[in-house]
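Q: Residue strings, one per chain:
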Amino acid sequence: MTHAVMSCLHANLAALEAVLADIDQLGITTITCLGDLVGYGPQPNEVVELVRERAIPSCQGCWDEDIIEGLNSCECSYPSQLAERRGHLAHQWTADQLSEANKVFLASLPMTLRRDRLLFVHGSPNSQHEYLLPDMDAFAALERVETAGADTLFCGHTHRPYVRDLRDGSIRVRIQSSTDHTSPAERQMPLPVRRIINAGSVGEPRHGNTNATYVIHDEETGSVEIREVPYDLERTCQAIVEAGLPPVFAWRLSQGFEYAERADDASHVCER
Amino acid sequence: MARWALVSGLQGELEVYEAIQRDLRQVGRVDTLFVLGNLIGPDRDANALLDRLQSPRRGELQPQCIYGWWEDQLLAERAFRGDRRADALRLSQGEAAVDALLQAVDPGHLQWLAALQFGFIELDCALLHGSSADVGDSLNTGSSPLLLLDRLTRMDVNRLFTARSGEQFSVDLTGGGIDSHVRDLEGERQLQQVVPQRKVIGIGSGLHYTLYDPGSDRIEFRTLDQQPGSRGRGFA
Chain A
1 MTHAVMSCLH ANLAALEAVL ADIDQLGITT ITCLGDLVGY GPQPNEVVEL VRERAIPSCQ
61 GCWDEDIIEG LNSCECSYPS QLAERRGHLA HQWTADQLSE ANKVFLASLP MTLRRDRLLF
121 VHGSPNSQHE YLLPDMDAFA ALERVETAGA DTLFCGHTHR PYVRDLRDGS IRVRIQSSTD
181 HTSPAERQMP LPVRRIINAG SVGEPRHGNT NATYVIHDEE TGSVEIREVP YDLERTCQAI
241 VEAGLPPVFA WRLSQGFEYA ERADDASHVC ER
Chain B
1 MARWALVSGL QGELEVYEAI QRDLRQVGRV DTLFVLGNLI GPDRDANALL DRLQSPRRGE
61 LQPQCIYGWW EDQLLAERAF RGDRRADALR LSQGEAAVDA LLQAVDPGHL QWLAALQFGF
121 IELDCALLHG SSADVGDSLN TGSSPLLLLD RLTRMDVNRL FTARSGEQFS VDLTGGGIDS
181 HVRDLEGERQ LQQVVPQRKV IGIGSGLHYT LYDPGSDRIE FRTLDQQPGS RGRGFA
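For the record, the sequence lines run as chains A and B.
Residue numbering for the first sequence follows our numbering, starting at 1 and increasing by one per position.
Residue numbering for the second sequence follows our numbering, starting at 1 and increasing by one per position.
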């Protein structure tokens, strides 16, 4: 079965409509969303309502959680103080705009979705706030997939799409126990082959290009296509400015990368 | 270089702590005493031990303490952990155990317990009760090497000392590697990574404790007899 996975919609209605049109035009009917329906963008209610109307299974992203739970994330959500200040502004605006029904919907979203050996999360199986960057420590990346009991992990949160295959791994250990006074035991553990697929971002692309991104995965062949979809960027940027959100949100959408911000500690886990 | 003594699981037993202090005087060349949590437990009044840890006697090593699973449960139940309560304890051992734990510690000790840290980083070593993932994370010789490596990587240390399992052990990561292939919108690349030479050490519990020489990386597991004044046995 071929299915589409998208993430990080960030209240960008024009981008979401363009991505859904692309998926529809390909004849794909199974869609999964990895969260962050709101935040930064100017149409939180419209985006949530479109996801609800299309009955797209979604997990809860860090923005969805924080809008419901209040601003209580640790600094791993915001890689810089500048980002944090802007994030707080967007948080307050979004919380004020969202209808109660849409807040209830966001609160109802699960942390993870699972289909057989496919696992869908926002950040990582540990936390909506953890970044699984494409070049992070390979053993740590493998541990996230393996401990969650998945073969393929779909994630978002980084806003940069990628496919990472982890293979040909092993770890040798020497074990000494105080209850066993014989020579230390030597053991070699072959590591399983696992895959991480990051869906990028529909509403806040940061891969150096303004196009919305999502992925198409074929469960039978294992093939993955990273799709780039142009959308009416001007419409969203204008709505951001008219809504009174920080103009830098419009500026960075028009650049396709994050300004002065990048999570540089992928192994950091939110300690909340 | 002087050694560290690593102790855990006293669970209110002042006699055990005194036995360890006596043993430390006998073995010598120990300059730091770390107590890696579980100072308290539900089975006995812990107040005398807590008094002693905060006010050591002359000639005793000053203990450097962190909180463990039992302290975490107590602090949660006493509303020091936000909305969280001692649900893990309640689920595993029932309401009676929660009540017993509350009875074991005078409220006057709560502020001191609440000020204890999650762990210490000394040189290239993490000294924790459970692991870098959670205070309740129980690592032992049966733990997946991938999981052990992850717990080391999270804190970027070469040695992780853990107490939660109560076992004394050493697991050395001695070799191996992994390949990965990344494809993104910029292209494709191959990455190779080798297993770093790292180690996870279980320090034991109660009368079973551990000596560590950070200069030579030598570990000695000590086991004391129950009788006061008796000598300990150790092997490295």
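It should be emphasised that the hints constitute simulated quantities derived from the structure, not laboratory data.
Wrong hints could be hidden among the right ones.
As the list claims (entries may be wrong) - For each label pair, taking beta carbons as the anchor points, the in silico distance ranges come out as:
| # | chain 1 | residue 1 | chain 2 | residue 2 | range |
| --- | --- | --- | --- | --- | --- |
| 1 | B | Asp99 | A | Thr179 | 31 to 37 Å |
| 2 | A | Thr30 | B | Arg218 | 53 to 59 Å |
| 3 | A | Gly222 | B | Gln54 | 42 to 48 Å |
| 4 | A | Thr179 | B | Ala96 | 38 to 44 Å |
| 5 | B | Ala48 | A | Asp116 | 52 to 58 Å |
| 6 | B | Gln190 | A | Arg114 | 26 to 32 Å |
| 7 | B | Gly177 | A | Gly149 | 20 to 26 Å |
| 8 | A | Asp116 | B | Asn158 | 34 to 40 Å |
| 9 | A | Pro184 | B | Gln117 | 30 to 36 Å |
| 10 | B | Leu110 | A | Asp232 | 55 to 61 Å |
| 11 | B | Gly28 | A | Asp116 | 32 to 38 Å |
| 12 | A | Arg114 | B | Gly82 | 27 to 33 Å |
Claimed, not checked - In silico negatives: residues of chain A with every beta carbon more than 12 Å from chain B:
| # | residue |
| --- | --- |
| 13 | Ala21 |
| 14 | Ala83 |
| 15 | Met111 |
| 16 | Arg117 |
| 17 | Thr179 |
| 18 | Ile197 |
| 19 | Glu219 |
Virtual Cβ for every residue (Gly too), placed ideally from N, Cα, C.
Q: Determine for every hint whether it applies to the structure shown.
A: A quick look at each hint next to the structure:
Here the CB-CB span from B:Asp99 to A:Thr179 is close to 34 Å, well matched to the stated 31 to 37 Å. Taking the beta carbon of each, A:Thr30 and B:Arg218 are about 58 Å apart, inside 53 to 59 Å as hinted. In this structure the supplied range 42 to 48 Å is violated for A:Gly222 paired with B:Gln54, their Cβ-Cβ distance being about 59 Å. A C-beta distance of roughly 31 Å is found between A:Thr179 and B:Ala96, which places it outside the suggested range of 38 to 44 Å.
Remark: the range hint 52 to 58 Å for B:Ala48 to A:Asp116 is upheld by a beta-carbon distance near 56 Å. Take B:Gln190 and A:Arg114: their Cβ atoms lie about 30 Å apart, and the range 26 to 32 Å holds. Between B:Gly177 and A:Gly149 the beta carbon distance is about 24 Å. The supplied range of 20 to 26 Å therefore holds. Roughly 38 Å separates the CB atoms of A:Asp116 and B:Asn158, a value that falls within the hinted 34 to 40 Å.
Range check, A:Pro184 to B:Gln117: Cβ separation about 32 Å, and the 30 to 36 Å hint holds. Between B:Leu110 and A:Asp232 the CB atoms are about 58 Å apart, so this pair conforms to the stated range of 55 to 61 Å. Taking 32 to 38 Å as the suggested C-beta distance range, the pair B:Gly28 and A:Asp116 does not conform, at roughly 60 Å. As the Cβ distance of A:Arg114 to B:Gly82 is approximately 29 Å, the hint placing it in 27 to 33 Å holds.
The beta carbon of A:Ala21 is kept farther than 12 Å from every beta carbon of chain B, the shortest such distance being approximately 21 Å. Chain B leaves A:Ala83 outside its interface by the beta-carbon criterion, the shortest separation being 22 Å against a cut-off of 12 Å. The Cβ of A:Met111 sits about 16 Å from the closest Cβ of chain B, beyond the 12 Å cut-off, so the non-interface label holds. Distance check for A:Arg117 against chain B: the nearest CB is about 17 Å away, which clears 12 Å, and the non-interface claim stands.
A beta-carbon of chain B is positioned within 12 Å of the beta-carbon of A:Thr179; the least distance is around 8 Å. Once the 12 Å rule is applied to beta carbons, A:Ile197 is inconsistent with being away from chain B; the minimum gap is 10 Å. Every Cβ of chain B is farther than 12 Å from the Cβ of A:Glu219; the closest lies at roughly 18 Å, confirming the non-interface assignment.
Checked against the numbered hints given earlier, this structure breaks hints 3, 4, 11, 17, 18; the rest are met.
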